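2 protein chains.
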Amino acid sequence: MSETPGLRPLDPADLQGNRARYDALMDVVVNRITTREFDSSFDVPREHFELILEAARQAPSGANSQPWHYIIVTEQPVKEQIAEYFVGEQQRRIDLNMKFPTPNYSGLATAPGFIVVVTDFRFVRAFPVLRDEHSALVRSEVNDMYVQNAERILLQSVAASTMSAHLAATALGYNVWWVTAIGQEGAQKAMKPLLGIPDDLSVLDIMCFGPPKTKTYKRWKKSLGEIINWDQFQPEHHLSLDQVEEWIQTQRHKVMYRDAKNVD
Amino acid sequence: MSETPGLRPLDPADLQGNRARYDALMDVVVNRITTREFDSSFDVPREHFELILEAARQAPSGANSQPWHYIIVTEQPVKEQIAEYFVGEQQRRIDLNMKFPTPNYSGLATAPGFIVVVTDFRFVRAFPVLRDEHSALVRSEVNDMYVQNAERILLQSVAASTMSAHLAATALGYNVWWVTAIGQEGAQKAMKPLLGIPDDLSVLDIMCFGPPKTKTYKRWKKSLGEIINWDQFQPEHHLSLDQVEEWIQTQRHKVMYRDAKNVD
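Line by line, the protein sequences give chains A and B.
Every number in our numbering is 2 more than the matching position in the first sequence, counting from 1.
Every number in our numbering is 2 more than the matching position in the second sequence, counting from 1.
Be careful, since some hints might not be right.
Copies of the same chain are indistinguishable here, so a pair counts whether it falls within one copy or spans any two.
Claimed, not checked - Below are the EDC-like pairs computed for lysine to aspartate or glutamate, each with C-alpha atoms no more than 20 Å apart in a straight line:
id, residue 1, residue 2
1, 191, 146
2, 191, 41
3, 224, 29
4, 224, 49
5, 194, 233
6, 263, 207
It should be emphasised that the hints constitute simulated quantities derived from the structure, not laboratory data.
In this text the structure is predicted, and so the values were computed from the model without any measurement.
Extracted from the complex, chain A is given alone in its bound form (with noise of 0.2 Å):
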């Protein structure tokens, strides 16, 4: 393989010229920014899909293994199919009584930029796990922990990816939509024929993007004293289950849905 472009390795010696390096980052980084509904009108470029993509093909991966599968949807009618399982979904929940403030799945049909993010499970088989002589995974205490865990460094893995095309998008100059492949059974009996999709392989995220429908807004993030901790956990940072429970209650439909500044 040649050699990456774009590779600079850098000096230590150089700390001190990177902070510009780190303000470009968070110029994206902070420009982040969800919405639900987009200006439908709007034509991605082939090229920007790619672009994003290249993004996503750089991320760490557990073993190296890089599991991850990005399908580009451009077809009208298969959106609004996708975007029907989630509305349905959202009336599963009301049903269910869940009282989860869900959002309206029916603007995921909006989005000019739809990409469906698909993982292959059977990489766990690739971390450090137990395998029986057929390779397949050994059942014991021991190992169901060592399993369970792979499981997580897959699903970092691609959030890692799935994580690196947001800030290309949004460098881009495009909001975006992080949708969590919810209910997951129902979710991969909807998605998968429309995308001939493998049994195998399992859908886990939706990735939209494209400029907004209206002015968004950058949403309330905790504060860098809330999640930064010197040697100990402080104290002070521990909620209790009540706490937790309270912030449920009161906070969560305001963070989720209002501008930071509206946020108490």
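Fit chain B to the given chain A structure using the hints.
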């Protein structure tokens, strides 16, 4: 709350101009390089830890719950005790005959930048799940599926935040090491008391960074053509289970540890 500093909402009309911003992002993304042995004499300025976690802070998360805590470890004896646990884990894998090409974890103790990533699994309650009148998670076939999905949302959220932090460290000129907490229960027992982490929180990952001890290299990545699909999953991207096995047997150790140029 005041306006987020650096927030610069984008005008879709500005899309062409944003190619420069994309290139600046990719200068970081492409240079994210793993090392597993650092120049331990290097002193990371306190400000760099803050800049790195400022990036982590901005990540998206399920229900905007931001279920992450970061513990910066500056004390050498604590780094050494954590490294010791992982070196023990290395030996356990050998004893179990796991055949995984485990890295040499003693390098952990050499990392001048050492951040333990902690999550709060209680926040799965904040995602779409059913809870009873005492706000405990309902055990049922339907809800077990929602709970499993909620755990995935949580893991992907923390990974998105950790990925942001890795990119920020890269931008500042460091090499990185994303250590996924291996052997969950043992890892929890080894690390929590050292860092004062309450029982109901969980160590998920460790992020190491710093100048490398020796020259580092970019790992092999799949080509864009191997991960991109237009409207339908391309059948030639599908591996049989035998091919997954073959990859593990013949490729894994190479892609984990060799320069991309030296992967066949």
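Now the hints, each set against the structure:
1. 191 with 146: So residue 191 and residue 146 pass the 20 Å test across copies only (18 Å; inside, 27 Å).
2. 191 with 41: neither (29 Å within a copy, 50 Å between copies)
3. 224 with 29: within (18 Å within a copy, 28 Å between copies)
4. 224 with 49: between (35 Å within a copy, 19 Å between copies)
5. 194 with 233: between (46 Å within a copy, 12 Å between copies)
6. 263 with 207: neither (29 Å within a copy, 32 Å between copies)
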